[in-house]
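Under UniProt numbering, the residues of the sequence shown are numbered 1 to 156, in order.
Note that these hints are calculated values from the structure, not bench results. A portion of the hints provided could be inaccurate.
Ranges between beta-carbon positions, derived for each pair [what the hints assert, rightly or not]:
#, residue 1, residue 2, range
1, Q135, L34, 25 to 35 Å
2, I30, V51, 16 to 26 Å
3, K121, G50, 17 to 27 Å
4, V51, R124, 40 to 50 Å
5, N132, D32, 33 to 43 Å
6, L155, E129, 11 to 21 Å
7, I16, L142, 21 to 31 Å
8, L133, L155, 10 to 20 Å
9, K122, V38, 18 to 28 Å
10, S150, D11, 12 to 22 Å
11, V51, K153, 41 to 51 Å
12, L133, V59, 40 to 50 Å
Below, computed lysine-lysine pairings styled on PhoX-like, alpha-carbon distance capped at 20 Å [what the hints assert, rightly or not]:
#, residue 1, residue 2
13, K47, K20
14, K153, K20
15, K79, K54
16, K154, K121
17, K136, K20
18, K121, K136
19, K54, K2
20, K136, K122
21, K125, K136
Just so you know, even glycine gets a beta-carbon here, dropped at the ideal spot from N, CA and C.
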Amino acid sequence: MKNTGMTRPLDQLGRIVLPKEMRTTMDINIGDSLEFFVNEEGFVLRKYTGVSCKFCGAVDHLTYFRDSFICADCIQVLKTEENVHPTSTEAIQAQEHTKPVRNHTTWQPKQSRVQQGEMVKKLRKLIQEHPNLPQKVYAEMLDISQGRVSQLKKLL
Numbered sequence: 001m002k003n004t005g006m007t008r009p010l011d012q013l014g015r016i017v018l019p020k021e022m023r024t025t026m027d028i029n030i031g032d033s034l035e036f037f038v039n040e041e042g043f044v045l046r047k048y049t050g051v052s053c054k055f056c057g058a059v060d061h062l063t064y065f066r067d068s069f070i071c072a073d074c075i076q077v078l079k080t081e082e083n084v085h086p087t088s089t090e091a092i093q094a095q096e097h098t099k100p101v102r103n104h105t106t107w108q109p110k111q112s113r114v115q116q117g118e119m120v121k122k123l124r125k126l127i128q129e130h131p132n133l134p135q136k137v138y139a140e141m142l143d144i145s146q147g148r149v150s151q152l153k154k155l156l
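Sequences are here, hints too, so could you generate the full structure?
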């Protein structure tokens, strides 16, 4: 597991709020079900997919592959895509660590997140170029949430 450096307090009912960046990265939308795993080492929270296609959510004609269910239609689409057949071990490993976007016709792996240090540099440059802009505008320019801009400003 990776330490994000983010902490969230429990409210009076025992609830927490997942940060927007984390929900976006994990493809968790409002109303999605989550599953919890607990062992001696820690606590894991994961998006619950149930028995449905990982790409489109279909529940018919499923095949189990590498910890996921994939429907027959998506398998056919993946077979016809030229860029899906990696030729090296590194390409296979890179694909295993990216989560696909749910769209049959334009399957593209999600962009990897920008390192914190690099994001701080980008924010510093934006602030120098445009010192009087509100955090919300910086957030839109950097494609992150306003809360994340606030966190990054503390690191400046």
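How the hints compare with the structure:
1. Q135 x L34: 25 to 35 Å: holds, 29 Å
2. I30 x V51: 16 to 26 Å: Since the Cβ atoms of I30 and V51 sit about 22 Å apart, the hinted range of 16 to 26 Å holds.
3. K121 x G50: 17 to 27 Å: violated, 41 Å
4. V51 x R124: 40 to 50 Å: With Cβ atoms ~47 Å apart, the hint holds.
5. N132 x D32: 33 to 43 Å: The hinted range 33 to 43 Å holds for N132 and D32, with Cβ atoms some 38 Å apart.
6. L155 x E129: 11 to 21 Å: Holds, since L155 and E129 (Cβ atoms, about 19 Å apart) stay within the stated range.
7. I16 x L142: 21 to 31 Å: holds, 25 Å
8. L133 x L155: 10 to 20 Å: holds, 18 Å
9. K122 x V38: 18 to 28 Å: Hint violated: Cβ distance 37 Å, outside 18 to 28 Å.
10. S150 x D11: 12 to 22 Å: holds, 20 Å
11. V51 x K153: 41 to 51 Å: holds, 44 Å
12. L133 x V59: 40 to 50 Å: With a Cβ separation near 47 Å, L133 and V59 satisfy 40 to 50 Å, so the hint holds.
13. K47 x K20: holds, 14 Å
14. K153 x K20: holds, 17 Å
15. K79 x K54: holds, 16 Å
16. K154 x K121: The given pair, whose Cα atoms are some 13 Å apart, holds under the 20 Å limit.
17. K136 x K20: Within the cut-off at roughly 14 Å; holds.
18. K121 x K136: holds, 17 Å
19. K54 x K2: violated, 23 Å
20. K136 x K122: holds, 15 Å
21. K125 x K136: Answer holds: K125 to K136 is near 16 Å, not above 20 Å.
Of the numbered hints given earlier, the model fails hints 3, 9 and 19; all others are met.
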